Amino acid sequence: MNVELIGLTKRYGTAIAVDAIDLKVPSGAYCCLLGPSGCGKTTTLRMIGGHERASAGDVVIGPKAVGDATPAERGTAMMFQSYALFPHLDARDNVAFSLRMRGVGKAERRAKAMAMLDLVQMGHLAGRLPAQLSGGQQQRVALARALVTGPKVLLLDEPLSALDPFLRVRMRVELKRIQTELGLTFIHVTHSQEEAMALSDLVVVMNAGRIEQAADPRTVFERPATAFVARFIGGHNVIRLPDGMIAVRADRMRLGDEAGPGALAARVVAVEYQGTSVHVGLDADGLERPPEALAESSPAALTAVLSDSAFAARPLRPGDTIPVGWDAAAAHRLDA
Amino acid sequence: MDRPRGFAFYGLAGIFCLYVLFLYGPTLTILALSFQGPSGGLTFPMNGVSTHWFAKLWEGVGVVDIWAALRRSLMLGLVVMILTVALAFYAGLAFRKGFWGAGLVFALAVSSLIVPSIVVSLGIGLEFRLLDDAVKALADATGWGLLQDHGTFMGLYSSALGAHLTWTLPFGLLIMFAVFNRFSPAYEEAARDLGATGAQTLRHVVVPILAPALVGVALFGFTLSFDELARTSQAIGGRNTLPLELQGLTTTVTTPEIYALGTTTTAFSALVIGTALGLTVWLQKRRARRALAGLRP
Chain W
290 MNVELIGLTK RYGTAIAVDA IDLKVPSGAY CCLLGPSGCG KTTTLRMIGG HERASAGDVV
350 IGPKAVGDAT PAERGTAMMF QSYALFPHLD ARDNVAFSLR MRGVGKAERR AKAMAMLDLV
410 QMGHLAGRLP AQLSGGQQQR VALARALVTG PKVLLLDEPL SALDPFLRVR MRVELKRIQT
470 ELGLTFIHVT HSQEEAMALS DLVVVMNAGR IEQAADPRTV FERPATAFVA RFIGGHNVIR
530 LPDGMIAVRA DRMRLGDEAG PGALAARVVA VEYQGTSVHV GLDADGLERP PEALAESSPA
590 ALTAVLSDSA FAARPLRPGD TIPVGWDAAA AHRLDA
Chain R
807 MDRPRGFAFY GLAGIFCLYV LFLYGPTLTI LALSFQGPSG GLTFPMNGVS THWFAKLWEG
867 VGVVDIWAAL RRSLMLGLVV MILTVALAFY AGLAFRKGFW GAGLVFALAV SSLIVPSIVV
927 SLGIGLEFRL LDDAVKALAD ATGWGLLQDH GTFMGLYSSA LGAHLTWTLP FGLLIMFAVF
987 NRFSPAYEEA ARDLGATGAQ TLRHVVVPIL APALVGVALF GFTLSFDELA RTSQAIGGRN
1047 TLPLELQGLT TTVTTPEIYA LGTTTTAFSA LVIGTALGLT VWLQKRRARR ALAGLRP
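Protein chains in written order, with the numbering used here: chain W, 290 to 625; chain R, 807 to 1103.
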């Protein structure tokens, strides 16, 4: 089912957590709410799920505005950040919990729970308590528990943040598989741009309670709307020119002879070898550094990503001085 | 970590040993003396070893019916336990949710621990006497038959129960605060998300998860009530609890029978606590066994 937010607002006293946001998530889409901590993404998710009352505005799920409806009435289900599996129930009874609350008979609810556990490949561990499961296994059980009632919209609050990096990538693939298989609308909160890029049909970049940009991942990366988006999504240099701000992809920077006529003389301040590429941190007079919180890896004003072969042909060392420029075509103008 | 242990370790260990001795020494002394020989007295040395005084105890201690007192203390302890668990649990829920005047209510509840027990007891006694006087005055003034036989409202399940609750409830509440502090609201949110009503969430999620803590509150409530003396003393009415009878006996009984009684009641308390703990452990083991059985479907 499609989900629409209309002027959705959350105030805590005088502080505004979510500031009148509008958003349309088409039915069957994988949507990621992306932003730094405190940007209002989790509050937005909780308002969609009916766990937080909106101060103003409304949430529309499918054909109707949900107002103050309970989560069950909305047709949404939520997967909590810590999974919140009930520690006194085994995996099967955790999954069967919502059916039990609805008065479904024991045999029927257990059969349904087992089918759902099989979908997430956890059927063989159905009798284990949450404490006897690994993080990834707990997450699969939480997913089965959320899906067992047949929700139309699944809400996921940082579902991968508690997992180690290898497992995170595997579970990411799993989430996408299940979403595609069931054709559900997924709304997934994350602070990882990599996760958002890998999963979403629709990336919603949020900052300070507002939506900075909502588009497909490629558009967000190719044409970031604002300096915030360009910096948060990574892989971009944000450069202030006399007539406004531009974003230039780090892999489109030109060094040395290719730098062109308007080149700046830059100092190499960092060289990071990454395997297929090398990240070169550069500093030049008159360039501003990105704000601390958004600096990706190096605190340098500019980053140039070179292929490993290009770097090998002309190695650089911290302390070297080199002209730096970019193709005019690679410069993307920013709104703010 | 392999360094030799210094003076501080042995000093602190010594203090700890003294503490343990101080804690269990009296109980062990009483335990030993309760097995005093038939011709032995109230103090060491032991004059032979026998169960003579337990036999005497079984026959009854003079005019005092010690077994009836034990029954009364037990029943009162059970009622206090149930009320303490129920009230502290719901009060804990209310305080966690927060309400207007929560700070004041908390201060009032806990201040009952600060007021000296004997003062609380005297106050309760006086209060009930006022009530009784009022009823008697009403009986005289109206001549209503049903008021004429009024004796007193004081009793085991009125004034004594109230006195015990002034002692157990604040402790129960403090324990529930600590318990709810560590209880993640995510469980309740998840239950709500899965369609559980408030009552279903309590019954199927909150109570089962907190069960061990509730058993703890129950044990605490029972033991606090079972050996309560000062608060009960002025508020008991006609029939005494076991600790009150014991206190009376210390002045009249001059044989090791009193030690035998002490050993018996201590053993009884230990039995209650042991049973409760054993039950908890057994439940946990059973849960784990079932889960392990689930590994081989």
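None of these hints come from the bench; they were simulated from the model. The model shown is predicted, which means the values in this text are computed figures rather than measured ones. One should not assume that every hint holds.
Just a sample of chain W residues kept apart from chain R, beta carbon distances all over 10 Å, derived [what the hints assert, rightly or not]:
| hint | residue |
| --- | --- |
| 1 | Ala373 |
| 2 | Glu470 |
| 3 | Val560 |
| 4 | Val567 |
| 5 | Ala602 |
Facing chain R, a subset of chain W residues (Cβ under 8 Å, in silico) [claimed, not checked]:
| hint | residue |
| --- | --- |
| 6 | His340 |
| 7 | Ser344 |
| 8 | Ala358 |
| 9 | Gly364 |
Just the calculated beta-carbon pair ranges, DEER-fashion [as the list claims (entries may be wrong)]:
| hint | chain 1 | residue 1 | chain 2 | residue 2 | range |
| --- | --- | --- | --- | --- | --- |
| 10 | R | Ala1017 | W | Glu341 | 21 to 31 Å |
| 11 | R | Arg1009 | W | Ile295 | 29 to 39 Å |
| 12 | W | Gly424 | R | Pro1014 | 22 to 32 Å |
| 13 | W | Ala396 | R | Arg1093 | 51 to 61 Å |
Beta carbons are placed, not taken as given, at the ideal position from N, Cα and C, and that holds for glycine.
Hints that the structure is at odds with (numbers, increasing): Hint check: 1, 7, 8, 9, 13 fail, others pass.
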